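Peer 1: For reference, the chains in residue letters:
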Amino acid sequence: MHQATRGEQRVTAVTAGEQSGRTPAARRGRLALFVERYGRWLIILPPLLFLVVFFLIPFGFALKISFAEAALRIPPFSDVFSITPDHHWHLTPSLANYKYLLTDEVYAVSYFYSIKTAFFSTLCCLLIGYPMAYAMARSSKATQGILMLVIILPFWTSFLLRVYALEGIIRDQGLLNTALLWLGVIDHPLKIMRTTFAVYLGIVYSYLPFMVLPLYATLEKLDQTLLEAASDLGSRPWQAFVDVTLPLSMPGVIAGSMLVFIPAIGEYVIPALLGGPDNLMIGRVLWDEFFANHDWPVAAAVAIAFLVLLAGPIAVHQHYRVRQLEQ
Amino acid sequence: MERRASPFLITVLCLGIAFLYLPMLVLVAYSFNASALASVWGGFSTQWYVELMHNRQILSAAGLSLEVAALSSTGALLLGTLAAIALVRFTRFRGRLLLTGMVNAPLVMPEIITGITQLLLFVSMLQLIGWPSRGMTTIILAHIAFCTAYVTITVQSRLATADRSLEEAAMDLGATPFRAFVDVTLPIIAPALVSSWLLSFTLSLDDLVISSFVSGPRSSTLPMVIYSKVKLGVSPDINALASLIITIVGGFVLVAGYLMRRAERQQQLDSQLAAG
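Listed in order, the protein sequences are those of chains H and G.
Just add 8 to the spot in the first sequence (first one is 1) and you have the numbering used here.
Just add 344 to the spot in the second sequence (first one is 1) and you have the numbering used here.
If you're looking for bench data, these hints aren't it; they were derived computationally from the structure.
Quantities reported herein were computed from a predicted structural model and do not represent experimental measurements.
The C-beta atom is built at its ideal place from N, Cα and C for all residues, glycine as well.
Among the hints, erroneous ones may be present.
[Stated by the list, open to error] On the chain H side, residues computed to face chain G include the following (Cβ under 10 angstroms):
#1 44
#2 45
#3 51
#4 56
#5 58
#6 67
#7 139
#8 146
#9 155
#10 172
#11 314
#12 326
Required output: the full structure, derived from the provided sequences and hints.
Peer 2: Shown next, in the form of C-alpha cells:
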C-alpha cells in the first residue's frame, strides 16, 4: 500500500494547491484522506460481509435448527430460543435429532456406504487419471494446451446432463447393450442401470477431470533431470517411476483424491439417477429427509454430523492447497 | 530432452478422453433421431428441437435460469474481484484468514450441505426481518456465494502474476491508485475477469442441488425441470435441450480458454521483450 499512499498524497497535494482555502477542496481532501485511510476496507468488506452472511452464518442456523423439533407450522420446526413476555430468554435445545441419528440404522449405514463408495471411486479415478495425466505431461507443449482444454471442457459442462448422457449409454436399451447384442457378445441386455456399478461408473465419469488436472499440474512441473539421473545410475524406467516420480507427485495425488473424494461422498444426483434403491448415499438420505419427509431438524442434524465427518478430509485438502499457493 | 509418453500411456489417455466425450456425442446424435425410441434410429429429424420451442414450461424455466445466471455471475464477478484484490494486495488485515477460508471452502463443500444450510438461513431471515422470500432472490444470493469463490480463485492467480511495477509507474506519473488500477492492471486481468464471468454463468446455469433447496414453489430453474423429467427416464426433447446446452456451454468454455491462453502468451511475450 505504500505506493498507493504516495500517489494519493501527490494528487491530494495538487488539488489542494490549486484551490487552496476553498471549501470544496478541503472537502475533497477530507474524502481523499478517508479513502486513503479506510479505502482498503471498501475493498475487503463487501465480499467478506457477503460471504459471512450467506456462507458462514447459514451453518450457525443449521446448527441451531438441528436442536429444534419438527413441528406442523411454517417453517416446520420449533423454536430453540424463545423470549417470554417478561423478557426472559428460554433455551430449549433438543438432542432428540442426534439421538435419532444414532439409533436409526439407516444413517450409520449410509455414512459408511458413502465413504466406501467415494473411496473406491476415488481409487478408480486415480488408476485411470494418473496414466492420463502422465501422458499429458509428456506430450509437447502445444499438445498439452489442447489436452488441458479437452479435459477441462467436460468439467464445466452441465453435470446433470453428463449423468443423463451416461444413462443413454448404459440403459437396458442403451448404446452399449445395443452394440453388444448386435455383435452377438451377449444374448440379453446387461443390467447396468440401477446397480452399484452404475454409481461407480457415474462418479468416475463425472469426477475424472478433477483428478487429472491437479495430477497433470504436479507431473508437468516434475524435474525431468531427476529421472535421467535415476536412469544414468542404472534404474529401470519402472523402478525410476516408483522411486522418483511417484513420491514427487504425491501432492497432486492427494489434491486430486480430495477433489474427487469430498464431493463424491456427498453426491446426490448420481445415486439418485443411476443407482438402485439400495445405493443409499448420505446425500440421498439428506435429500429425502428434507423433500420427502419434510423433517427439517433431522435434515439439519444429518448435515451437521456429515460436516463433522468431512472436517478431516477438508482440512487435508486446505493444507495442501495453502502449501501449493505458497510455492 | 523431451521424454515421450509410452504407447500404454497414450492409449489410456485416448480411452479416457473417449470415455469423457462419447456419452455426450451419442446424446447429441440421438437428439436428431426421428424415432422417440432411443434404441431405434428413425432417420434424421429436428422435430424435437421444434417441440422444445413450444414447451412453455421449459422455456420459462430457461428464461429464469438465464436471468439468474446473468445476475449472479455479475454479482460474483464484482465481489470475487474485490476479494481477489484484497487477498493479493493487502497482505495483512483482520479477517484475511476468514476470507481465505470462505473463498476456498465452497469449492470442496458438498452442494447438498451448502444448499440446506442456506435454505435454513433464508427461512430464518424471512422470519426475523421479512426478507428474502424464497424464489429468484434466494437462488441468486446462493449462487453469488459459490460463484464468488470461483471468481476469486481465478482472478487471484492472475492478479498475483501481474506486474506491479507498471501500476507503480503510473502512480509515480501522478495517477491515483484507483486510476492506476483501472488503466493499467484492469486490462491485464481482463481476460481472467471475462473467463471467470463465463464460468460463473455456466456454474449457475448448471446448478441443481442448491437451487432445489433455496427456490420457492413457483420458481423452477432449468436444471430442476430437467431433473424432474430425467428421473422418469430418457425423453427425446430433453436430448435436444441437453445438446443445445452442451453446445452453448462448450462454446463459452472454449472462448474463455482461448482468451486466457492468448493473454498468457501475450504476457510471456511482453516479459520476453522486457527482458530482451
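Peer 1: Each hint should be assessed against the structure and marked as holding or not.
Peer 2: Do the hints match the structure? See the list:
no., hint, in the structure
1, 44, "holds, 9 angstroms"
2, 45, "violated, 13 angstroms"
3, 51, "holds, 5 angstroms"
4, 56, "holds, 5 angstroms"
5, 58, "holds, 6 angstroms"
6, 67, "holds, 5 angstroms"
7, 139, "holds, 4 angstroms"
8, 146, "holds, 4 angstroms"
9, 155, "holds, 8 angstroms"
10, 172, "holds, 5 angstroms"
11, 314, "holds, 6 angstroms"
12, 326, "holds, 6 angstroms"
Figure legend: structure checked against the earlier numbered hints; the only hint not met is number 2.
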